[in-house]
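Residue numbers (the UniProt record's numbering), protein chains in the order written: chain H, 1 to 171; chain P, 1 to 220.
Among the hints, erroneous ones may be present.
Unchecked claim - Now the in silico label distances, taken between C-beta atoms and shown as ranges: (1) P/L98 to H/S109: 24 to 30 Å; (2) H/K132 to P/N129: 24 to 30 Å; (3) P/E114 to H/R137: 35 to 41 Å; (4) H/T31 to P/E117: 34 to 40 Å; (5) P/Q99 to H/K115: 44 to 50 Å; (6) H/S25 to P/N129: 22 to 28 Å; (7) H/N82 to P/L98: 19 to 25 Å.
Unchecked claim - Dumping the calculated SDA-like pairs for lysine to any residue here, alpha-carbon to alpha-carbon at most 20 Å: (8) H/K122 to P/M122; (9) H/K103 to P/L174; (10) H/K103 to P/E103; (11) P/K142 to H/L40; (12) H/K103 to P/K142; (13) H/K24 to P/R120; (14) H/K115 to P/E103; (15) H/K110 to P/K142; (16) H/K96 to P/L121; (17) H/K28 to P/E127; (18) H/K104 to P/E103; (19) H/K104 to P/K142; (20) H/K28 to P/H118; (21) H/K24 to P/I154; (22) H/K108 to P/E116; (23) H/K24 to P/K142; (24) H/K103 to P/M122; (25) H/K110 to P/A108; (26) H/K110 to P/L121.
Keep in mind that the hints were calculated from the coordinates and are not lab data. For glycine and all other residues, C-beta sits at the position ideal for the given N, C-alpha and C.
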Amino acid sequence: MAMKGRFPVRRTLQYLSQGEVVFKSSVKVMTVNYNTAGELSEGARKFVFFNIPQIQYKNPRVQIMLFRNMTPSPFLRFYLDNGEQVLVDVEDKTNKEITEHIKKILGKSKEMLEKEERERKKLSHPSTFGPKKYHLRECMCEIEGQVPCPSVVPLPKEMRGKYKAAMKNEA
Amino acid sequence: AAMLPALRRCRPGSVPLPALAAALGPGPFPGLCPGWSPRAVPVRGRKPRHDPPAKSKAGRVKLPPPVDPEELLVVLERYRQYRLVLSALRAEFRAEVLQRKREERLAAEGSVEELEEHRRLMAWNDEENARQRARREERFKKEEEEQKRRKLEIAEKQARKMEAFQEEKEKEVLQLQEEAKNFITPENLEARIEECLDNPRNYNFAIDKDGRIVKRTVLS
Numbered sequence: 001m002a003m004k005g006r007f008p009v010r011r012t013l014q015y016l017s018q019g020e021v022v023f024k025s026s027v028k029v030m031t032v033n034y035n036t037a038g039e040l041s042e043g044a045r046k047f048v049f050f051n052i053p054q055i056q057y058k059n060p061r062v063q064i065m066l067f068r069n070m071t072p073s074p075f076l077r078f079y080l081d082n083g084e085q086v087l088v089d090v091e092d093k094t095n096k097e098i099t100e101h102i103k104k105i106l107g108k109s110k111e112m113l114e115k116e117e118r119e120r121k122k123l124s125h126p127s128t129f130g131p132k133k134y135h136l137r138e139c140m141c142e143i144e145g146q147v148p149c150p151s152v153v154p155l156p157k158e159m160r161g162k163y164k165a166a167m168k169n170e171a
Numbered sequence: 001a002a003m004l005p006a007l008r009r010c011r012p013g014s015v016p017l018p019a020l021a022a023a024l025g026p027g028p029f030p031g032l033c034p035g036w037s038p039r040a041v042p043v044r045g046r047k048p049r050h051d052p053p054a055k056s057k058a059g060r061v062k063l064p065p066p067v068d069p070e071e072l073l074v075v076l077e078r079y080r081q082y083r084l085v086l087s088a089l090r091a092e093f094r095a096e097v098l099q100r101k102r103e104e105r106l107a108a109e110g111s112v113e114e115l116e117e118h119r120r121l122m123a124w125n126d127e128e129n130a131r132q133r134a135r136r137e138e139r140f141k142k143e144e145e146e147q148k149r150r151k152l153e154i155a156e157k158q159a160r161k162m163e164a165f166q167e168e169k170e171k172e173v174l175q176l177q178e179e180a181k182n183f184i185t186p187e188n189l190e191a192r193i194e195e196c197l198d199n200p201r202n203y204n205f206a207i208d209k210d211g212r213i214v215k216r217t218v219l220s
């Protein structure tokens, strides 16, 4: 597997799925203004470097824009679908504090996420089987405790059609 | 005949035919033409594509199935109406489902508690921003004070340096003035010469390590 960049762990699925911020559906655009130099922007820089991939992974429909060295102090701006703009000042904050802050004001709460998860589970029944796209298993042979797939393990003689037919012919 | 393609095929003279095929007769409808020219061969079964058709099929004329115009018209019209109704029903149901989904989503989001919650969170965010602003102003004030203090220090240092320098210079001037008293000028030149000649100084002495004069030799 290729290791690209300074912190290739940011590219792993495990790291990305550990992001906690899932935005409410009213958030459409997130804009980050920060500076590439200066102590006060350090938290914002870390946030952009480490946490924005996680956020984008969890919110593929949110547009995220980064602006560098345009303002003296760093801030975040969220544009909601009713036209409202939410300004978050992040000067002198660590990246953990920033994620906590936005999770609190614009993220889906844990109960909401669990509820959505349950709704999604309700749509599909786990015990049915069929095409991989819609079901967990494709054939009965994949379930534990059932007869294994004859392509892997040959069926015993008594279950095979030709044996049964031969027996019937004999009798 | 109507402008239907199926009927157009059946019109006499609409499709050019070799005279041989016309003489043979297309079948139940004399005067009607076949849909395909006898040379066009459809699907290949057993033969590769570069083999010619068999000799037994030399004069074969394939005709499309016979079409009754009135029946065709009636059937097509019925199909058209059926499909129209079905697609309308489908569109209707689709729209209804979408509408219901949209309503449910709006109801879930536009509920009063949610708005309340949102406003509360926005208020909290504003407070947080205000706190941040206060912190920033404090920081700025501190920095300004620091700067002022530093400037004052520098100014003081400068002043002190200037003073020291001036003092140095004054000392030198005084020193010089002191020495000027002992200078030899054209006026007291003669007097000084007389004085020197009157008091011969004897430098012939030896000193020990402590600097005391040990021995003096008499001046000759």
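So, going through the hints one by one against the coordinates:
1. Taking the beta carbon of each, P/L98 and H/S109 are about 28 Å apart, inside 24 to 30 Å as hinted.
2. Roughly 49 Å separates the CB atoms of H/K132 and P/N129, a value that falls outside the hinted 24 to 30 Å.
3. Our hint of 35 to 41 Å for P/E114 and H/R137 holds, since their Cβ atoms are close to 39 Å apart.
4. About 24 Å separates the C-beta atoms of H/T31 and P/E117, a value inconsistent with the hinted range of 34 to 40 Å.
5. Separated by about 23 Å at the C-beta atoms, P/Q99 and H/K115 break the suggested range of 44 to 50 Å.
6. At roughly 24 Å, the beta carbons of H/S25 and P/N129 sit within the given window of 22 to 28 Å.
7. H/N82 and P/L98 have their C-beta atoms about 21 Å apart, which keeps the hinted 19 to 25 Å range intact.
8. At most 20 Å may separate the alpha-carbon atoms for a hinted pair to count; H/K122 and P/M122 exceed this at roughly 34 Å.
9. In summary, the hint linking H/K103 to P/L174 is not supported, as the alpha carbons are separated by about 78 Å, beyond the 20 Å threshold.
10. Between H/K103 and P/E103 the CA atoms are separated by roughly 27 Å; this puts the pair beyond 20 Å, and the hint is violated.
11. Among the hinted pairs, P/K142 with H/L40 is consistent with the structure: their alpha-carbon atoms are about 15 Å apart, no more than 20 Å.
12. A hinted pair counts as satisfied when its Cα atoms are at most 20 Å apart, and H/K103 with P/K142 does not qualify at roughly 32 Å.
13. Distance hint between H/K24 and P/R120 is fulfilled; the C-alpha atoms sit about 15 Å from each other, no more than 20 Å.
14. With a C-alpha separation of about 19 Å, the suggested pairing of H/K115 with P/E103 holds against the 20 Å cut-off.
15. Restraint check for H/K110 and P/K142: the C-alpha separation of about 41 Å exceeds 20 Å, so the hint is violated.
16. Simply put, H/K96 and P/L121 have alpha-carbon atoms about 19 Å apart, close enough for the 20 Å limit, and the pair holds.
17. Between H/K28 and P/E127 the CA atoms are separated by roughly 23 Å; this puts the pair beyond 20 Å, and the hint is violated.
18. A hinted pair counts as satisfied when its Cα atoms are at most 20 Å apart, and H/K104 with P/E103 does not qualify at roughly 27 Å.
19. Restraint check for H/K104 and P/K142: not satisfied, since their Cα atoms lie roughly 31 Å apart, outside the 20 Å limit.
20. Taken as a hint, the H/K28 and P/H118 pair is honoured in the structure, with Cα atoms around 16 Å apart against an allowance of 20 Å.
21. Restraint check for H/K24 and P/I154: not satisfied, since their Cα atoms lie roughly 56 Å apart, outside the 20 Å limit.
22. Taking the CA atoms of H/K108 and P/E116, the gap is about 15 Å. The hint holds against a cut of 20 Å.
23. Among the hinted pairs, H/K24 with P/K142 is inconsistent with the structure: their alpha-carbon atoms are about 40 Å apart, more than 20 Å.
24. Using a Cα cut-off of 20 Å, the hinted pair H/K103 and P/M122 holds, with the two alpha carbons roughly 12 Å apart.
25. Distance hint between H/K110 and P/A108 is fulfilled; the C-alpha atoms sit about 16 Å from each other, no more than 20 Å.
26. Taking the CA atoms of H/K110 and P/L121, the gap is near 16 Å; set against the 20 Å cutoff, the hint holds.
Comparing the model with each numbered hint stated earlier shows that hints 2, 4, 5, 8, 9, 10, 12, 15, 17, 18, 19, 21 and 23 do not hold.
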